[in-house]
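Participant: Chains as they are written, first to last, in numbering that gives the first Met the number 0: chain A, 0 to 662; chain B, 0 to 662.
Take these hints with a grain of salt, some might be off.
Note that the list lumps identical chains together, so a pair holds whenever it fits in one copy or between two copies.
Unchecked claim - List of simulated lysine-lysine pairs, DSSO-like, C-alpha gap at most 27 Å:
#1 K255 <-> K387
#2 K390 <-> K339
#3 K637 <-> K355
#4 K255 <-> K174
#5 K242 <-> K174
#6 K242 <-> K387
#7 K255 <-> K390
#8 K231 <-> K300
#9 K565 <-> K6
#10 K92 <-> K637
In short, the hints are calculated from the structure, not lab data.
Number of protein chains: 2
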Amino acid sequence: MTVTREKHDRMANVIRALAMDAVEAANSGHPGLPMGTADVATVLFTRFLKFDPTDPTWPNRDRFVLSAGHGSMLIYSVLHLLGSDDLTIDELKRFRQLNSKTPGHPENFMTPGVETTTGPLGQGLGNAVGMALAERILADRFPGIIDHHTYVLASDGDLMEGISQEAIGIAGHLKLNKLIVLWDDNGISIDGPLSLSDSVDQIMRFQSAGWNALRVDGHDPEAIAAAIEEAKRSDKPTMIACKTVIGFGSPAKAGKSAAHGSPLGAAEIAATRQALGWEFEPFDIPSDVRDAWRIAGLQSKKARTAWDERFAALDAETRAEFNRRFARELPARFTENMVKLKEKVGADAKPVATRKSGETVLETVAELLPEIVSGSADLTGSNNTRTKTMKPITSDDFSGNFVHWGIREHAMAAAMNGMALHGGILPVSGTFLVFSDYCRPSIRLAALMGLRVVHVMTHDSIGVGEDGPTHQPVEHLAALRAIPNVLVFRPADTVETAECWDVAARQSRPSVFALTRQNLPLVRTEGEERNLSARGAYELRSADGEARVSLFASGSEVELALEAQKELERRGIPTRVVSVPCMDLFFEQSAEYRAEVIGRAQIKIGVEAAIRMGWDSIIGHDGDFVGMTGFGASGPYKEVYELFGITNSAIVTKAMARLGGNA
Amino acid sequence: MTVTREKHDRMANVIRALAMDAVEAANSGHPGLPMGTADVATVLFTRFLKFDPTDPTWPNRDRFVLSAGHGSMLIYSVLHLLGSDDLTIDELKRFRQLNSKTPGHPENFMTPGVETTTGPLGQGLGNAVGMALAERILADRFPGIIDHHTYVLASDGDLMEGISQEAIGIAGHLKLNKLIVLWDDNGISIDGPLSLSDSVDQIMRFQSAGWNALRVDGHDPEAIAAAIEEAKRSDKPTMIACKTVIGFGSPAKAGKSAAHGSPLGAAEIAATRQALGWEFEPFDIPSDVRDAWRIAGLQSKKARTAWDERFAALDAETRAEFNRRFARELPARFTENMVKLKEKVGADAKPVATRKSGETVLETVAELLPEIVSGSADLTGSNNTRTKTMKPITSDDFSGNFVHWGIREHAMAAAMNGMALHGGILPVSGTFLVFSDYCRPSIRLAALMGLRVVHVMTHDSIGVGEDGPTHQPVEHLAALRAIPNVLVFRPADTVETAECWDVAARQSRPSVFALTRQNLPLVRTEGEERNLSARGAYELRSADGEARVSLFASGSEVELALEAQKELERRGIPTRVVSVPCMDLFFEQSAEYRAEVIGRAQIKIGVEAAIRMGWDSIIGHDGDFVGMTGFGASGPYKEVYELFGITNSAIVTKAMARLGGNA
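The shape of chain A in the complex, shown without the other chains (with noise of 0.2 Å):
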């Protein structure tokens, strides 16, 4: 689309208007941003961005992702004037109000056409690689169908945030060319000037990482296509450094900080309007703007149809696979295989770690579910992701779907974010669970986007030894459980990894896996053709009569409750014992199933190589606990469980002062 300059700064300034007024309405917010940067959103999203205005969810759409969250409106105005029905000029007036489509950052389960949820800065970027790199592996796998570019706007913020370097570093190796970075260069920060901060080269630390770099007036909308139209054409994924200037339109304010994160206030408002020769009222569109835009949309529109002649090309086979991956089904023998795995598993019963339990099950779902795309942030051989059958992604080969992602755990949660909003792929990760923390801004709107994304996570406790405190996690799988909508799973087993397993792949949610780096016995053996593991928490061992004591337990832990069992049975205490290998899930059940797994025993002790928070929920306040209250130390395993008192002999001992000794 061809537009004189004259329309451009129409198309342009109807963004303005519309986040100035919006903010003003709302009394809050951030106008700075779509004021600065609506001459690169129009050009973008008039002459480059390909999607259906329809249709949200076109899977081959390009990628938008507004990194720099705050300036939520530009993604809102635009979304209105490109003809979204569910942008109404009524949201916009309702921006930051309750239950609205217009929240104070993006949130793309409140906003049909907002790609992720942004704010917390460096995470858009980061889901952006995980996109660009999704499409790179798709387009491997579904020619023609998948094929399109994902752009970014990022801020200074996004960019001095480490993340940043990480999903740079990855995107470089990987040579992700369709991704398309537009860095809003306004050299303003909340404190001020980005100089009191800040002197990095941008252009030259994203040469660094491998990037085409580039610079235009953001102000120039030729400049801005041409540059776009050479990022298209380059064999790297490029970063356009575009000049801006902060709240640009405002006499008083532009240029400076205090643009950035309050209304402008109506005077000025007025001012910017006469400056801008923008004589509407408030949220009042002038019909030839808004035709502008609504054409550039239904051009846009275009690109669907030939992709919808192209998908119905397919044979019937590929439609359906592409069509269940893209609607997270999962295929109609998954149940029944991942049963007969568990058989299979539990009859061997070879001490192994749950580490190597997470190998054998991801082989079989791996198989099953060639939408999974594994890895590990350096850690391959540690974590047992990457199972015989799985390929290396590569630069030049995106056949494969393991990616290394060298020591990047931050980055490699955010991608996989990103892939999983991407749709098509269901990513996979590893890392040593004391990592968690690095990557916890990542799992945080993974939970609160409702996105199915599987952590595995080993080394998960003490037993770590030798590598001591600063890899041991003690406070982790509370933390993790903290997060609303994570399920932490720790399963004791390979068949209660099979079973945990089984549900995080039905999820809408995020799963941790905690397992460890030590062996343990199988404590399943049983074949068992329900899932037990799916209630989060189930009786493992019933007691021998009526139970005086209940043992709860986790992970490596299990196996210290059952020993535990039978040396209180020895003694003629009616002991039971219940895995707890997803206390998350377990807390989600009815009351009844609840009371029931909880028991009625006088005496309950719950056991796991953590802090005990959370637990109280399952013992009571009342209730002992087996467990860690401080950090580890550095020795052989079965010495640092012994030092910490997590032994089978120290349960029995607190549940025979419970019984005052004499039982």
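Following the hints, complete the assembly by docking chain B onto the known chain A.
Facilitator: The following block gives chain B in isolation, referenced to the frame of chain A:
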């Protein structure tokens, strides 16, 4: 010290031998890095590093940070060779055993001479930036007394972690030219060749961040020495890429990831001994090599002797102030002035946000404690951590006491750890509570090391309002309380804020202040000399008669509890209110005190605009809780509180329901 190449090789080979022998003895550990960087370390420690082998706490020593903490045998070997009394040969033989001074990763609290606890990658580099910044600040305060270099040995993994970008960004910006990073450029990661996951040009990257960057053969001692000399002359921080061979000397494993993290094995160790011409038994150190190392240590000590003379020449007051700061003692008038402050702020009943309370208190604290260096991750005006009298630190003026960290929460937290480790400084941060997730790995290490750092984290709940769920912490209080040895303070008003600061300043552990965005009324207006917050929780308002209801609340929800109390009392139900400004401290009190504060009221209700996790220990698992169960929402904050039912009437309703409605 000049040595022949032959002597140098022997001095380096002893490190290689000790590393492979200790790892072999432990049957666990990382020989690759010490063997690869033995030449670099030998040059650095015997020709450059300024320290006192008999007093590893000398304040003006050069700092050495092994950011690649897995190579711990490098530093243990070197400390032993330099004559440390702690690192005996027997301790080296006890590598990775319980309670040894040679844990798997370097732990500064276990091993004198180890500057910081490393292992989680990137953290050491962040610490070192803080040390180098502390040096510049203290060099300004105590000229001639503090004047040293900070050296870092960093691995590929350190440089791939996102935190490294934040750290080098701020270091380059502040021109910390006495910071010298030696990068162990060995081209190997755990998964295999680095080229599996990385292609960043690190020289260009560091240059883009304003660093001087050099490249040397990491096995050429004269080239290494020349590069360090050049680095010391630079007006920028310097990164020296030292091209090394991991596992240098091992015929079968050198240059391969197999050398990284496993014992070489007896046969390969024998072959390596042969290849290196090292004819000595395990842990046997020939006397010429021992002497050469000892001489280097003794020569280095001369700097200490000269410093002692300079220090003795200072006036008594300066000496006393210097010693006070490094001993982390508070000035005599501190307690008295904090009580006065409480009286003063208690008399001003105007409602304020506790972030504003934080500023008011910090103003007094910073005046009393000139060792405070405050800062913010680009949220200065929101965090209120820059008081009126504070002055920013810039690259050409280190006389200030406020750091504009930029949007770099993680490096801020890691650098604060480094500043605290350096000594002489009490670092204070500023960011939003939700971004504690970005800092978490560093906060955990502060807790493990027992460092006095104070994190001011504002916008502490759904009270954030319009910014929505991405910016509203709900699980962060629980997740921070989960970390052992962290104090999470959530004061209800300015008086409690003063009390909490009085406690935080006395700790050898990190404190996190969770402060509100929204205004709150004062809840403590009566003069009270005692620090009621010091025990974590206390009865704020007693019941009229024997309490039937106990309400427990923190921060902004104390107001709601007080209003609910009024209503319940009006209905004739004796109700008391307990303020819980620091749950962690409360759990450390005697059983008697806890029982007294929890009380015996039939009904216990916790109130906090956050998840319940952790509260059961106060209210019991059968207690009631008014708080959050999931993520928040974007909207005006009072409406958000209503939406999630966190109101005084919700408290009253819960109490009445328990009373059967007929109380």
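Participant: All the hints need checking, so say for each whether the structure fits it.
Facilitator: Outcome of the hint check:
no.: 1; hint: K255 <-> K387; result: between (56 Å within a copy, 22 Å between copies)
no.: 2; hint: K390 <-> K339; result: within (25 Å within a copy, 68 Å between copies)
no.: 3; hint: K637 <-> K355; result: within (19 Å within a copy, 50 Å between copies)
no.: 4; hint: K255 <-> K174; result: between (36 Å within a copy, 26 Å between copies)
no.: 5; hint: K242 <-> K174; result: both (25 Å within a copy, 26 Å between copies)
no.: 6; hint: K242 <-> K387; result: neither (49 Å within a copy, 34 Å between copies)
no.: 7; hint: K255 <-> K390; result: between (50 Å within a copy, 21 Å between copies)
no.: 8; hint: K231 <-> K300; result: within (20 Å within a copy, 61 Å between copies)
no.: 9; hint: K565 <-> K6; result: neither (82 Å within a copy, 63 Å between copies)
no.: 10; hint: K92 <-> K637; result: between (63 Å within a copy, 19 Å between copies)
Going through the hint list in order, the structure does not satisfy hints 6 and 9.
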